[in-house]
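Keeping their order, the protein sequence lines are chains A and B. Numbering (the numbering used here) for the first sequence: 1 to 281. Numbering (the numbering used here) for the second sequence: 1001 to 1234.
No lab work stands behind these hints, which were simulated from the structure alone. Since we're looking at a predicted model, the values are computed, not measured. You may find that some hints are simply not true.
Here are the simulated DSS-like pairs of lysine-lysine, each with C-alpha atoms no more than 25 Å apart in a straight line [said to hold, decoys possible]:
1. Lys1027/B with Lys29/A
2. Lys75/A with Lys1186/B
3. Lys1215/B with Lys1186/B
4. Lys40/A with Lys118/A
5. Lys1124/B with Lys1083/B
6. Lys1062/B with Lys1029/B
7. Lys1186/B with Lys1163/B
8. Lys188/A with Lys229/A
9. Lys1027/B with Lys118/A
10. Lys238/A with Lys40/A
11. Lys122/A with Lys1105/B
12. Lys1027/B with Lys1163/B
13. Lys29/A with Lys95/A
14. Lys95/A with Lys1163/B
15. Lys229/A with Lys253/A
16. Lys84/A with Lys1124/B
17. Lys1062/B with Lys75/A
18. Lys238/A with Lys75/A
19. Lys1085/B with Lys1062/B
20. Lys1105/B with Lys1051/B
21. Lys1062/B with Lys1163/B
22. Lys29/A with Lys1051/B
23. Lys118/A with Lys84/A
24. Lys1062/B with Lys84/A
25. Lys1215/B with Lys75/A
26. Lys1215/B with Lys1029/B
27. Lys1163/B with Lys122/A
28. Lys1105/B with Lys75/A
Spelled out, the chains give:
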Amino acid sequence: MYNFVNNNEPITKIYFMIESITIIGGYGKTGEQEPLQTIKINKGEIIGIVGPTGSGKSSLIGDIEQMAQYDTYSKRSILINGLKPSYEERTNPKKKMVAELSQNMNFLADMTVVEFLKKHAKCRGKNEDCVNTVIEHANRLTGEPIHKDHQLTILSGGQSRALMVADVAIISNSPIVLIDEIENAGIKKHEALELLSGHGKIILVVTHDPVLALMTERRIVMQDGSMQKLLTTTAKEKMVSKNINLLDRRIMKLREMVRYGELIEEFSLDFDEEVLLKKAI
Amino acid sequence: MMKFVIVAGTPGSGKTSVLLHAINHLKNKSIQPSVAKIDCLYTDDDKRYAKTGVPVLVGLSKDMCPDHFGIYNTEELLDFAIKNKSDLLIVETAGLCHRCSPYTKGSLGICVIDATSGPNTPMKVGPFLSTADIVAITKGDVISQAEREIFRESVLEMNPNAKIIEINGLSGKGCSELAEEIMLAKAVESGDDVLRHNAPLAICTLCVGETRVNKAHHRGILRRIDGFQFYEGE
């Protein structure tokens, strides 16, 4: 997997000491206590967060990003290795354990791609040399190449998102990664998830996409601002996951055909695995 | 003896929203603050403050710079808080040109700044950021994490000693930390307090560098908190 740690700051040692995060439940939108009161997530786990629009998925991600201590709407609190994180750990970007990829698709900062990445690398205590690697990886996720001298504000939605993914994976490179609806980004989601999920990282993915939801080991179901239940992906679901992955690849292929102005005059709804495999490759 | 907190920030940065949440936290800790809202021409923020049940005083500076107006009327503001039996006065000042620092040496200075205003904003604004004790960064939730981190770094370049609190005026996130800091503020005696930084040029004695607080030290075109405006001098 990807591992671009190339600095010797003591903080990187802390990164690899994260064994678990614990979400202590608070209250939902109606003011009632959340049915799920404790969720412990261990290192290396990929957890899904699912639920209808407005059910509080992004707020949950927000609580984890801020390491909420009873100070947000939900009154949740977040523990790292079973302990309350320090103020420094919660706020200083050089000590920050969480990298977040939110639904914000556009950059507001008025600077070029390279200036931005260099500044961010400096904030995170990283060497400037990683900037080119970030752009290279971003360009593997998007169809339209990003140039280092482009203004950030003129990047398309897909380019911005690809750059944010690569930035989170390489510059932020934190042990906890939060991803909000990567499927809407118009970028290659499998590649993006692979780039983001380094060895031992804890990943939380907000998603409506069955392909991504079934790729996770467990998923938190949200409703009315509350964590309702925790589902474990079953053996049957893992079988289904294989099939919908194949289907997804076919859809992706069609998407590329649309993009490049080709005609789509043939498509079979054949779900036989053998056939799907052949057609997909 | 009164704890004195001065809050400054760019228009629309969320000063009032942030303070409303912080006041609720303070009240939960059995602290009864008084609030003075200094604005230029119009405000209805007093109604928002009144809902929290704290005493509110509004000062409209009209032709005078709102920061200068607040400094000039400091004694009345503190008296208002004393009269209401508060042990904490929070002054929210509108500020216009961001070339002033309304903070006095004895006060706790809080700068509220909007993260969506761009990473160069901390360099563009003046002493109201660089001399603040606390910089509260709002609206961080609408930009990417990377931009948020760059903004924070720019603030620290301008004010390396500031305590930074990333704060959300809508959800109230970070406001309990702000309330904790407010509770730690030192008490001041009003008479001999001085500004941390002189104001830029304009038309009263503050504009030529006077830093002493209160009426006895000022000449020029001045406006009292009761609305009486006059020229005092030769």
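Fill in: Hint check, failures only
2, 4, 5, 6, 8, 9, 11, 13, 15, 16, 17, 18, 19, 20, 21, 23, 24, 25, 26 and 28
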